[in-house]
Every structure is written in structure tokens, then in C-alpha cells.
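The sequence shown begins at 1 in my numbering and counts up one residue at a time.
These aren't lab readings, by the way, just hints derived from the structure by calculation. Just to be clear, a hint being listed does not mean it is correct.
[As the list claims (entries may be wrong)] DEER-style ranges, computed between Cβ atoms:
hint, residue 1, residue 2, range
1, Y150, F47, 20 to 30 Å
2, K109, K159, 43 to 53 Å
3, D73, Q122, 17 to 27 Å
4, G151, Q130, 12 to 22 Å
5, Q122, S102, 29 to 39 Å
6, W169, E16, 49 to 59 Å
The beta carbon of each residue, even a glycine, is placed where N, CA and C say it ideally should be.
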Amino acid sequence: MTTNNKDLNIQTLFEEYGDYLFSYAILKVKDSHFAEDLVQETLLAAFTAKNSFSSQSSIRTWLTGILKHKISDHFRRQGREVKIEDLVDQDEADGLDAFFKSNGRWIQKPDAFPSPEAALQQQEFWKIFQQCLAGLRPKQAEVFLAKEIYGLSNADICKDFTLSSTNVWVLMHRARLSLGNCFKINWKS
Numbered sequence: 001m002t003t004n005n006k007d008l009n010i011q012t013l014f015e016e017y018g019d020y021l022f023s024y025a026i027l028k029v030k031d032s033h034f035a036e037d038l039v040q041e042t043l044l045a046a047f048t049a050k051n052s053f054s055s056q057s058s059i060r061t062w063l064t065g066i067l068k069h070k071i072s073d074h075f076r077r078q079g080r081e082v083k084i085e086d087l088v089d090q091d092e093a094d095g096l097d098a099f100f101k102s103n104g105r106w107i108q109k110p111d112a113f114p115s116p117e118a119a120l121q122q123q124e125f126w127k128i129f130q131q132c133l134a135g136l137r138p139k140q141a142e143v144f145l146a147k148e149i150y151g152l153s154n155a156d157i158c159k160d161f162t163l164s165s166t167n168v169w170v171l172m173h174r175a176r177l178s179l180g181n182c183f184k185i186n187w188k189s
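Kindly generate the complete structure, drawing on both the sequences and the hints.
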């Protein structure tokens with residue numbers, strides 16, 4: 001495929017890279033419907049930003065980068081939302097009626113939610129974390145997220161980023177040092 005930006009169209013991108021992108025997405029999100037959505041969002045974003053493609057990397061690498069950001073956004077959003085099914089197993093969920101009276105009121109009122117101050121501190125933490133993460137070199141940030149947020153193994157990281165295990169170790173070490181220093185400066189707990 002030519003790397004002329006004007007030749008990039010969604011249909012061609014889908015035909016040439018759709019299967020690869022879907023395979024990559026399904027490995028990360030473990031949900032075929034959501035993986036399809038991520039691939040569509042990736043192709044749409046690529047088409048929208050086709051003029052910013054500088055041909056310094058292959059189209060596949062560029063698309064994979066966009067997809068990784070879409071997956072990151074997904075997990076960031078998912079971290080803010082908790083489904084009831086994630087908190088209790090199905091047997092417990094079926095027994096939730098045991099917590100309520102027939103009029104819908106609590107039999108025993110649950111403990112109070114965390115204090116607003118604690119919630120604000122947690123929001124501040126994530127804001128500072130994102131600022132500190134943005135201060136890392138792009139490769140350090142990607143490897144750190146892959147390891148610590150997505151839970152990828154070192155072998156998978158080596159394969160996905162075409163790095164040696166020593167490079168992964170060095171990138172993780174430097175990322176942790178940089179993040180630690182950034183938190184010392186910016187986080188007042």
C-alpha cells in the first residue's frame with residue numbers, strides 16, 4: 001500500500017489492517033463487540049488525522065499506536081465505572097433482594113460512602129499521575145502502561161514493542177524513578 005496520505009481511505013485501511021487491528025484489540029479487551037468498536041474508532045481517527053501521518057513509521061505501526069490510545073482510554077474510563085456484577089458473583093447478585101424490604105427500603109442501611117475529601121484526594125492523585133506520565137518519554141510511558149496498567153508480561157511487551165528484555169527492564173526502571181520523583185514533588189498526601 002502506498003503511504004500517500006491522500007490515498008488513505010477507511011475502506012482500504014479496513015481491508016488491509018482490519019484483521020490485524022481486531023486481533024490486537026481482542027487480546028487486550030477480551031470482548032469481540034468492543035474490539036470491533038475500537039477498530040472502527042481507530043480507523044475513523046486515522047482517516048480524520050490522515051494529513052498528520054508523516055510516514056516515519058509504517059501505516060500498521062501508526063494504526064496500532066492509535067488503537068493503543070483507544071484501548072488506554074477504554075481502560076481509563078472502565079476504571080471509573082464499576083458494574084454490580086464485578087462486585088458480587090451471580091449467586092450473590094440473585095440474593096440482593098435479601099437486602100431490601102418489600103417496600104424497597106434497606107433492611108440494614110449500608111455504611112456511608114467515603115468522605116468527599118478522600119474522593120477528592122483520589123481524583124487529585126490520578127490527575128497528578130497523568131501529568132507525571134505525560135512527562136515520561138513516549139516509549140517509557142507505553143511500556144509502563146503495558147506492564148502496570150494492562151498487566152502484560154515482559155515477554156509480551158518485548159514482542160509487542162520489539163524490545164529486548166534488558167530494554168524493557170531499563171525503560172520500566174527509568175519510568176518508575178521518574179514517576180517517583182514527580183510524585184515526591186507534586187503529591188501532597
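Right, here's what the structure says about each hint:
1. Y150 - F47: 20 to 30 Å: Roughly 26 Å apart at Cβ, these two residues keep to the hinted range, so it holds.
2. K109 - K159: 43 to 53 Å: The hinted range 43 to 53 Å holds for K109 and K159, with Cβ atoms some 51 Å apart.
3. D73 - Q122: 17 to 27 Å: Holds, at about 19 Å.
4. G151 - Q130: 12 to 22 Å: 19 Å, holds
5. Q122 - S102: 29 to 39 Å: With Cβ atoms ~37 Å apart, the hint holds.
6. W169 - E16: 49 to 59 Å: Because 35 Å falls outside the window, the suggested range is violated.
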